[in-house]
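Undergrad: Position chain B with the ligands relative to chain A; hints supplied.
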Amino acid sequence: MLELRGIRKYYNPGTVNEMCIFDDFNLRIAPGEFVSVVGSNGSGKTSMLNIICGSIDVEGGAVFAGQEDISAKKEFERNRRIGRVYQNPAMGTCPNMTVLENMSLADNKGKPFGLKPGINKARAGYYREMLAGLGIGLENKMQVKVGVLSGGQRQAMALLMATMTPIEFLILDEHTAALDPRTADFIMGLTDRIVREKRITTIMVTHNLRYAVEYGNRLLMMHEGKIILDKGQKEKKALKIEDILGLFNRISVECGN
Amino acid sequence: MAIIIGTLEQGLSYGIMALGVYITYKILDFPDLTVDGSFPLGAAVTAVLLGKGVNPFLVLLVSFGAGLLSGILTGLIHVKLKVRDLLSGIIMFTALYTVNLKIPGKAYVPLFTETTIFDMEFLQVFGSFYGVAMALMVTLAAKFLLDLYLKTKSGYLLRAVGDNEVLVVSLAKDQGLVKIAGLSIANGLVSLGGSVYCQQQRYYDISMGTGTIVIGLASVIIGTKLFKSFSGKWVVSGKIAGSAAFLTRNRKGVRPTTAVLAGAVLYKACVAGAMALGLDPQNMKLVTAVLFLLILVCGMERKRKVKGNA
Ligand SMILES: Nc1ncnc2c1ncn2[C@@H]1O[C@H](COP(=O)(O)OP(=O)(O)OP(=O)(O)O)[C@@H](O)[C@H]1O
Ligand SMILES: [Mg+2]
Chain A
1 MLELRGIRKY YNPGTVNEMC IFDDFNLRIA PGEFVSVVGS NGSGKTSMLN IICGSIDVEG
61 GAVFAGQEDI SAKKEFERNR RIGRVYQNPA MGTCPNMTVL ENMSLADNKG KPFGLKPGIN
121 KARAGYYREM LAGLGIGLEN KMQVKVGVLS GGQRQAMALL MATMTPIEFL ILDEHTAALD
181 PRTADFIMGL TDRIVREKRI TTIMVTHNLR YAVEYGNRLL MMHEGKIILD KGQKEKKALK
241 IEDILGLFNR ISVECGN
Chain B
258 MAIIIGTLEQ GLSYGIMALG VYITYKILDF PDLTVDGSFP LGAAVTAVLL GKGVNPFLVL
318 LVSFGAGLLS GILTGLIHVK LKVRDLLSGI IMFTALYTVN LKIPGKAYVP LFTETTIFDM
378 EFLQVFGSFY GVAMALMVTL AAKFLLDLYL KTKSGYLLRA VGDNEVLVVS LAKDQGLVKI
438 AGLSIANGLV SLGGSVYCQQ QRYYDISMGT GTIVIGLASV IIGTKLFKSF SGKWVVSGKI
498 AGSAAFLTRN RKGVRPTTAV LAGAVLYKAC VAGAMALGLD PQNMKLVTAV LFLLILVCGM
558 ERKRKVKGNA
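Quick mapping for you: the protein sequence lines, in order, are chains A and B.
Just so we're aligned: 37 in this note's numbering is position 37 of the first sequence, and the numbers increase by one with no gaps anywhere.
In this note's numbering, each residue carries its 1-based index in the second sequence increased by 257.
If we strip away everything but chain A, and leave its shape as in the complex, we get (with noise of 0.2 Å):
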């Protein structure tokens, strides 16, 4: 379970810049949830996610995971039991490293980086069996450095390597949206299955309607920091694309556009 008490949070507080993103916002998620969430631009994803990964301060309320209140905890010690990837494919590797490097890296999350070797020879078999049940050849490739991959192949790898070790929940910030539509689709069901396989609870902000209604059980629409729908697995099921376009349609026209 992932749940946002009361939560405050001020953009620049104290200046003329002043913003307040959000004010007594709640937000509870069910442990296996697939969480998919859409919103207009500012509204508050993105916020929302960095709140719960604490990678940024709030003004008020707390952030629990399971029954452990997590607020006071810094980001690093949060992810033992998260699992992050962004939008941009070059913030889940590292690019002067080579893929197995990379991979030994991911493997090695939550045990300690101590003296021993880098690799541990016995594991690259299953490394290489990872990457080549991505079917995009990257098992060929485990010596070249990252940063010589295309976004696709990186931001496979990112999944993968987000998700390689036991985590208890996996954010996921329009981590398509740099993507070719192909390689785009690719992606998505990569994504539905890892999260289906390990039982992961899953939040995915997500420009692509279609995504957001095709995959997770659970939908929600943000706007100006509040949460506009809320739909649980049945609602969603009958859910149709046109349907949140309308609302988007309504907000915007509300807001004046």
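Please note that the accuracy of each hint is not assured.
As the list claims (entries may be wrong) - Quick list of the computed label-pair ranges, beta carbon to beta carbon: (1) Val-356(B) x Gln-143(A): 43 to 53 Å; (2) Lys-111(A) x Val-356(B): 46 to 56 Å; (3) Met-19(A) x Ala-546(B): 39 to 49 Å; (4) Ala-124(A) x Ala-398(B): 27 to 37 Å; (5) Pro-112(A) x Ala-398(B): 45 to 55 Å; (6) Ala-398(B) x Val-144(A): 52 to 62 Å; (7) Val-148(A) x Glu-378(B): 50 to 60 Å; (8) Ala-30(A) x Val-356(B): 53 to 63 Å; (9) Leu-534(B) x Gln-143(A): 37 to 47 Å; (10) Ala-546(B) x Arg-5(A): 40 to 50 Å; (11) Leu-358(B) x Tyr-11(A): 23 to 33 Å; (12) Thr-351(B) x Arg-123(A): 44 to 54 Å; (13) Lys-111(A) x Thr-351(B): 55 to 65 Å; (14) Gly-110(A) x Ala-546(B): 44 to 54 Å.
Honestly, the hints are just simulated from the structure, not real lab data.
Every residue, glycine too, gets a C-beta built ideally from N, C-alpha and C.
TA: Chain B with the ligands alone, transformed into the frame defined by chain A:
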């Protein structure tokens, strides 16, 4: 001949220092100016301990330790107090100037009679190359240990933090601590280089740290650039660079650490060459600055950094 030997000896001890600069500049992507203070710090510690008759090899270790400490302090200033990287280094090397005066109690200490690592009897077999042999041994030991470290899990994390901090945080590791550790090891090596240099020159001078960062950066950039553009082809100018490279030759070509050592020797050779051609020592700094600018411009290769969470 004497010039060649002197160049090799100095180049190699500066090489150890350059290995430290390699860690900060290339791996951590942190332009660390602490080295202008930590290089003479190693020398200052060395001058005092040698004067007390301490085993010169133990002195190397203590100097390394002193450097570790100074690196930790720079790291703490940067990570915990959130001071910009350049400024953290400036603060540290300014502070270290006083420390480096206080440790020996004066600005100049001659070390003519003290026993140094260069006075070991077994070195006699190397004839007039005894100094080069000793410097090479310490330098290669430092290089191999660093190579080994960079292949450990901890070393991987160090490389990762300079490459993509966000990933280190994703791995549930405190990126600040990793940086502090990196700065610490780097300055440890710089101080070790200072200690070797001091034992070799047989004096300590407070001003011997001035411009260390320039020598270090120049060595790193010359070395890595040269061996990148000729990767695998073994076009190496300078004899020792060639043999050093040969010693550590592996399938992938030259290790960056080897390249950095070669770069340091080459840089020293250039300076010695300029002096031999009659360059007025008074113009030295200006020429160095121009040379360094040229190296920087030719080696333009700043990597783009991954930033932010959006
Ligand atoms: N670091 C910051 N400083 C000041 N204001 C910020 C900061 N980050 C976000 N904001 C503001 O907070 C609001 C929400 O931003 P956020 O990035 O959460 O939106 P988003 O829903 O992720 O938008 P998008 O769909 O464009 O990614 C925006 O109005 C933005 O200008
Ligand atoms: Mg966003």
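Undergrad: For each hint, tell me whether it holds in the structure or not.
TA: Verification of the hints:
1. Between Val-356(B) and Gln-143(A) the beta carbon distance is about 45 Å. The supplied range of 43 to 53 Å therefore holds.
2. For Lys-111(A) and Val-356(B), the Cβ-Cβ distance of about 39 Å falls outside the hinted range of 46 to 56 Å, so the restraint is violated.
3. Restraint check, Met-19(A) to Ala-546(B): a C-beta distance of roughly 47 Å satisfies the suggested window 39 to 49 Å.
4. For the pair Ala-124(A) and Ala-398(B), the supplied restraint of 27 to 37 Å holds, since their beta-carbon distance comes to about 30 Å.
5. Checking the proposed 45 to 55 Å range against Pro-112(A) and Ala-398(B) shows it is violated: the Cβ atoms sit about 27 Å from each other.
6. A hinted range of 52 to 62 Å is violated for the C-beta pair Ala-398(B) and Val-144(A), which are about 32 Å apart.
7. Restraint check, Val-148(A) to Glu-378(B): a C-beta distance of roughly 52 Å satisfies the suggested window 50 to 60 Å.
8. The beta-carbon spacing between Ala-30(A) and Val-356(B), approximately 58 Å, falls within the hinted interval of 53 to 63 Å.
9. Taking the beta carbon of each, Leu-534(B) and Gln-143(A) are about 45 Å apart, inside 37 to 47 Å as hinted.
10. About 59 Å separates the C-beta atoms of Ala-546(B) and Arg-5(A), a value inconsistent with the hinted range of 40 to 50 Å.
11. In this structure, Leu-358(B) and Tyr-11(A) break the distance hint of 23 to 33 Å, their C-beta atoms being roughly 48 Å apart.
12. For Thr-351(B) and Arg-123(A), the Cβ-Cβ distance of about 47 Å falls inside the hinted range of 44 to 54 Å, so the restraint holds.
13. Taking 55 to 65 Å as the suggested C-beta distance range, the pair Lys-111(A) and Thr-351(B) does not conform, at roughly 40 Å.
14. Under the hint 44 to 54 Å, the C-beta atoms of Gly-110(A) and Ala-546(B), about 48 Å apart, fit the expected range.
The structure fails to meet hints 2, 5, 6, 10, 11, 13 from the earlier list, while all remaining hints are met.
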